[in-house]
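**Q** Protein chains in written order, with the working numbering: chain C, 508 to 1127; chain S, 142 to 451.
Bear in mind the hints are in silico, worked out from the structure with no lab data behind them.
Each hint should be verified, as a subset may be incorrect.
No more than 20 Å apart at the CA atoms, straight line, and that leaves these computed lysine to aspartate or glutamate pairs for EDC-like [said to hold, decoys possible]: (1) Lys1045(C) - Asp1031(C); (2) Lys326(S) - Asp913(C); (3) Lys548(C) - Glu369(S).
Next come the chains, spelled out residue by residue.
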Amino acid sequence: MSSLLRIATAGSVDDGKSTLIGRLLHDTKSIFEDQLSAIEKTSLARGDEQTDLALLTDGLRAEREQGITIDVAHRYFATPRRKFVIADTPGHIQYTRNMVTGASTANLALLLVDARKGVLEQTRRHALLSSLLRVPHLILCVNKMDLVDYDEDVYDEIREEFTSFAAKLEITDLGFVPISALGGDNVVERSTNMPWFEGQPLLGQLEDVHIASDRNLLDNRLPVQTVIRPMSAEHPDYRGYAGSVVGGIFKQGDEVMVLPSRKTSTISRIDTPNGAVAQAFPPMAVTMLLDDELDVSRGDMICRPTNQPTANRSFEATLCWFDETSSLRTGVAYQLKHTTRWMTAEVETLRYRLDVDTLHRELGVETLEVNDIGRVAIHATSPLFFDEYRLNRTTGSFILVDPATDLTVAAGMIIGAAGEATVATTEVVVADNVTFHPSHLSREERWKALGTSGATIWMTGLSGSGKSTIATAVEHTLVSSGRSTYMLDGDNLRHGLNAGLGFSEADRAENVRRVGEVAKLLADAGTVSIVSLVSPFKDARDRVRAAHEEAGIPFYEVFVDTPLEECERRDPKGLYAKARAGEIKDLTGVGSPYEAPESPELTTDPDLESAVREILGLLG
Amino acid sequence: MAMEETKVRPAAVELSDLDTLEAESINIIREVAAEFEHPVMLFSGGKDSVLMLHLARKAFYPAPIPFPIMHIDTGHNFPEVIEFRDSQVDAYGVRLEVASVQELIDSGQIKVAHQLESRNRHQTVALLKGIQDGGYDAVFGGGRRDEDKARAKERVLSFRDRFGQWDPKNQRPELWRLYNGRHRKGEHIRVFPISDWTELDVWRYLAREQVDLPPIYFAHERDVVEVEGLLMAVNEFFPLPEGAEVKREMVRYRTVGDATATGAVSSNATDYEAVIAETAASRITERGATRGDDRFSEAAMEDRKKEGYF
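Just chain C, same shape as in the assembly (with noise of 0.2 Å):
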C-alpha cells in the first residue's frame, strides 16, 4: 500500500538545498519538460552559469528576480512506494517562522550540511525547531561530498559532531547520508565513488522510515467538527457527529465521554467517507453517531471515559512568535484556536526567551518579537481540553489571532496544566563524601499511607520486539486506574542518565546496572517501575533480580518473545537494516547475541491487547 510522508526542508541556498530536491523531482521523474525549459530561459536571462534548479521551488515573481526564497513552497513527487510532500522553507529570512510552518505537519525533517563547511549554528537551529515541533524523524544529508574527494573521515566527523548535539534534543530517529546532490551521488542511486557508504541512499531511506507508529493511538480524542443531521425522509433520525479522528483507536460498542458536558454513550456505528467501519484511527475522518441522544455541538471533544484530556483554562506553553507589525503583549486578550474551538485568551506571563542558538533561556525579557521563541502562561476564557504537545501534536497545538488585524501571530505548543509543568533543572550535583541515609519511613508505612505498592515490571527482549509499545500501553492503563506507574525506556535513559555509555558488552552492563537501580528506587518509593530495555545479558538481569530481592521489591520479568525475523522485518528504528549494511556494530540480534531468559516470570508474543492483559495479571 502506498503511504504518504510529508518532508520539511530547511537550510539556505548555499548548502545545495534546492539543487537536492531539484535532483529527488528529476530523478524520479517529476519534473516536467516545459517547467524544466521555462527555468532554462529565466536561468540565462539572469545570466546563471548554468540552469538554477532552485528556481523550480521559488514560485514567486520577486523570488525569482532576487534570487530568494521568501515563503513555503510545496513540492511533490512520487515513487511506487510513497506519495511525498515537500514543505520547502527558505533559510536566511524568517526562517523560524516558515521552517516551524513547515515542520509542523512533518513527519520527517531534512537537514542539509555542506561537506567542507560542517555543522554550522543554521544546522543546530534547525535540529532545535525540528525537535521542538516534535518531528518525529530526521535525517541528515552530508552534501557537497565531491568537494571533498568522497572522503569517509569528513562524513564521520560531521556525523559524530552532529550525534553528540542531537544528543540533547528530543529527537527520537536519526539518520545520516553523504551525498553529492549536483552529482546525484546518494540521492537516489547509490554512489560508486563512496563505496564505504553501505547504508541506503536518500530517496531508499524516505520510502522506508517508519511513520505508522508515530501517530498517539492510545489516547482516543475526536474533536466534534460539525453535526450531520439530514432530517429527510430517508434519513429521519440519523444524527452523527463528524470530524478527524486526532488520537486513539474508537471502536463500535467502546463507551465514550463527551467534554466539556461529561456525558457518556456507546459507539453505535462509525462512517466513513466510504461506509461504516468496526474502528477509526488518526487521520480518519469520520461521522461518529452514539447510542443515546447527547447534546453534542462544534467543538466539544470524544474521548473515552476512563482516558480524558486535561481540561484547564490556565496551561503552560511554548509560543513562537510569527507577527512582523507588533510583538507578544501580556494581560491583552487574542482569539486562540484549538481542536475545533475558537476562545479568548490572554497570555499572563512570559518567562522567558529561547536563545534558538546556545538554548539558553533569557529571563526578565518584556516581549517576544517576530521569530522569537520563549515559554509563556496562557490563561483562556473557558477550559481546553488538551494533551502535552509531547504526548499529541493536534491536541496539543494552537493559534493566537490579533482581534485588531485578523493576523495568526503566534503558534503554541502546550507544554501542561499550569502549576504542574515546572522548569526542569540539568544540573548534576555530585557530592565528594556519599552517605547512605535510611529513610525514617519504613518501606510498609510509606506505602500504606499513600494507598500505593511498587514493584518492577522488566521487559527484555530484541530491539523492535514491541517492548516499548508494551510497556507505554501498560503504563497508560495504569495511571488511568489511578496507580503510581513510570516508564523507564532504554533508548530515552541514553540520553540523560546513560548518557556517555555505548553498546559494548561492559557498557551494556551498567546501562542495566543503573536501570536497575533507578526501577528499584521508584519501585521502593511505591511506583510501579516499568523498564523497556533489550539487556541482552542474562547475568546482568539477574544481578537486578537479586538487587531487588534483597531489598524485598517485588520482580517481574517479562520476556517479549518476537522472533528476530518478525523484529527485523518491522525494523522501526531503522537498527536491523544499518547493521546489515555494517553501519552500526554490535546490534543485539545480529552482531551481538541474545540470551534468552530461563524461567521469567511471564513470555509473551508482542500481541498489545493480551501482552497488556497478562502483564496486569501479574500485578494482580
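For chain C, the structure is supplied; the task is to place chain S on it using the hints.
**A** Chain S alone, transformed into the frame defined by chain C:
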C-alpha cells in the same frame, strides 16, 4: 508460562496515500462549512471541481451539501461540459449559481476587443461580482499546488481583501490543521481543499471512485488545428487561422477552460486506466500542454491570482 493460543492481530491501522488525501480534504471542507456563514464552491465541470464536489458530498453524507456551487461561465463553453454540469446539479441536489461573463460584456461592464478573444482573464471580473452579489465569505476552489509555481505558495485558506486581491508576500502562516479564516465584511477567504493532490492523484482517485467526468476528458475524434504547439478544436469559438490545416485526430483534454484558449492533446486513452497510464508517463504539465493563457510569462498565474483569479 508461554501462551499457546493463537492471537488474532488487529487489522492494520494505516491509510493509503489516497485515503489520507481524502481525509485531509474532507477535514478542510467540514471546517470551512462549520465556520463560515456563506460558503460557495466553484464548479466548472473540470475534473478538479468534480473531485471537490465528490469530496463535499462525502463530507456531509447522508445530509445534502450545505452550500451552493457557482459556475463562472465565459460563454465559450464546450457543450459537453455544460450538459455534464447540469447533470451533476441534479445528481447532487445542489443549487447552481451562474456568474456570466457574457452578461457583463453585454451590459458593458467588461470591455472586449472582439467576441472571440480568450475570456480567461475576464472570468476574474465575473467571479468577484458573483462573490459580491451572493454575499459569499468563503469560496472553495479546485486549485492544486502542483499546477503552477505561484499556486505552490498558496495557503489552504487564502485571504482576499475587499477588492478580491491576493498579497503573496503577506500570507497568514498556516500550522498544523488550525486554519484562520477570520475576515471583515467585504473580505473573503479562498479555500483550496485539494491543494496537496497532484494531477495523477486526481486521476487515480476519480478512477477508484468511478466518478463521472465530461466525455471530452477521454480520447475522442475531433477536428483540430495546430496553433503554436497546441491542438485547438475547430468550433464556433475558434476562427480558423489563415492557412491552417484542419486534421481529424484522436484527442482528449487534460484541463477544461475557456474554449478559445484550451488545447487538446493527442491521445488514444478512452478510459480511466489508459488516462492514468498517459498521465504517469507525461513529461509536460497539464497547464503547459493545454493552456495558451498560462504561457505568456513565467509569472502569468501569479499576476492573475493577485487580481483575484481562481
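**Q** If a hint holds in the structure, say so; if it does not, say that too.
**A** Hints and how they fare:
no.	hint	verdict
1	Lys1045(C) - Asp1031(C)	24 Å, violated
2	Lys326(S) - Asp913(C)	12 Å, holds
3	Lys548(C) - Glu369(S)	18 Å, holds
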